[in-house]
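First to last, the sequence lines map onto chains L and R.
Counting from 1, one number per residue, gives the positions in the first sequence under the numbering used here.
Counting from 1001, one number per residue, gives the positions in the second sequence under the numbering used here.
Hints should not be assumed to be uniformly reliable.
Label-pair distances were calculated between CB atoms; the ranges are [as the list claims (entries may be wrong)]: (1) R:Pro1104 / L:Arg331: 33 to 43 angstroms; (2) R:Thr1132 / L:Pro57: 47 to 57 angstroms; (3) R:Ala1112 / L:Phe54: 46 to 56 angstroms; (4) R:Pro1053 / L:Phe325: 21 to 31 angstroms.
Computed footprint of chain R on chain L; a stretch qualifies when at least three of its residues, placed anywhere within it, have a C-beta under 8 angstroms from a C-beta of chain R [as the list claims (entries may be wrong)]: (5) 10-19; (6) 33-41; (7) 327-339.
FYI, nobody ran anything at the bench for these hints, they're computed from the structure.
Every residue gets a Cβ at the ideal spot worked out from N, C-alpha and C, and that includes glycine.
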Amino acid sequence: MSPETLIDERFDELVSALRAETPGTPQDLRERVAGITATPLPARRFTTRRILTFAAPAIAGLSLAVAVAVGLNSAIDPGGSGGAGNSGSSSAAEPRARELAPQVGERAPIGTVATDSSAQKRAVAPIPTDGRAQDYNASLVLLVDGTEDLSATTQRALRTTRRLGGYLVSVNYTTPEPVEGTAAVRVRIPVSRVQAAIVQFSGLGRILAQDTRISDLQLPLDELTRQIRRLERRAAAAKGAERERLLAQIASLRRQRLEINRRAAFATVSLDLTTHEPKEPAATPGRLDRALGDAVGILAAELIIAAYVLIVASPLLVLLAAAFFGNRALRRHADQQLLERA
Amino acid sequence: MTTVTSSLADVARRHLDDVYRYVLYLTRDPHAAEDLAAETFERAVRLWHRFDPERGSERTWLCQIARTVALDHLRAEERRRRREERYASLADQTEELSERSLSPWLQAALGALSAADREVIVLRVILDLDPTSAGRVLGVTPTACTTRLGRALEKLERNARNARVA
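Full structure from sequences and hints, please.
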């Protein structure tokens, strides 16, 4: 028992007298109160405290449910309207699809890291069309382990080119730092073997990007052939200076045709080897991450709204609280004064 | 419904004496005290659904209701007395507290105290409430309640000494 609980010993006699002479309750009052308490009690009503007890968790639960529902909805339907994860998912899926199935004339973004296991395999190049003259250009960006590997890989690329019947157009080998370097190798490979070349080149390192462009040369070639035949017919009928002029034209056109045939016979392959790994783009969030992110976002928005409402309403709440407590203090003071007088 | 009703009836049986003594010491009028005690339980029936055991015992809750009822009564009495004083001086017709059980010297000593002093004495001495519960009824802190009790007992003792001498 604390000292406060005890009553001062000086008043023991007085306290004993008070307790000994406690008045008893009259019997008729007992019967009266028994009658009062025997009446049916009114139904339990919603008090402010009870409403708050249930309303606060209910509002919190509802807010959480809305956040989870929105998060799940956006995770299931990332392409739908709304949802924070839309832009990230579609943009990330596109290059991956391109990488796995390169299209003619399409360019995979430089610097895209092939994270898919299938992309780590040999690259697949479009097959040139047999019987048609085509200008075939391919480029590969490969990651190698270091400068030593860079040198060896460059050598291997050149050997592969020679083995496939191609030739080197240019090579630009630079190592600005001891551990980093690049090699830009440009080779010409017979079109018939370009697919094999790309497959073998892609095995030299990790593919960072691939680009294949094919443009048709058959139409200009056919047009040149038609012009040559027409001029040949006219030259056969012409004489003198006119014939000489036509023959010169025919020779020029034949050179052009030869040039096109030469272009069409060999594909240009650009091989960029690098030791510098590009920064990986931010990992595409999964469904669960998107749902969680969106739910957290909604919850944050709800909290911001609640804080905003609280800030706006706080002066009013302070005034109400001051009025409430002030009124209570005044009432207590008045009650005390009344009891002092009584 | 039946269970709740019976529980309030049990509460009334257990604490009727306390409520009656509390309002009797406050008013010093046995007849008024009976009415006030009955009214306290009438209010308790209406407010029973709001009783929260976590905020205090049933006895403390009943004393809080009884205090409100008694204060309403004292206010009404004060208004009546002022009104009557304006027209005529009426003799005090109230039956004194002592007639029920108290000895004359104690009745005189208590009669010289204010209702505020009698209130803290009845709560802490007669009903034997702890300072926290008594403070909750009075709307003050336990320390303030203890201080009030000390002062009230000192006054009562002084009054009792005078009453015995007289």
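Hints versus structure:
no.	hint	result
1	R:Pro1104 / L:Arg331: 33 to 43 angstroms	holds, 37 angstroms
2	R:Thr1132 / L:Pro57: 47 to 57 angstroms	violated, 30 angstroms
3	R:Ala1112 / L:Phe54: 46 to 56 angstroms	holds, 52 angstroms
4	R:Pro1053 / L:Phe325: 21 to 31 angstroms	holds, 25 angstroms
5	10-19	holds (count 7)
6	33-41	holds (count 8)
7	327-339	holds (count 5)
Hint violations for this structure: number 2 only, all remaining hints satisfied.
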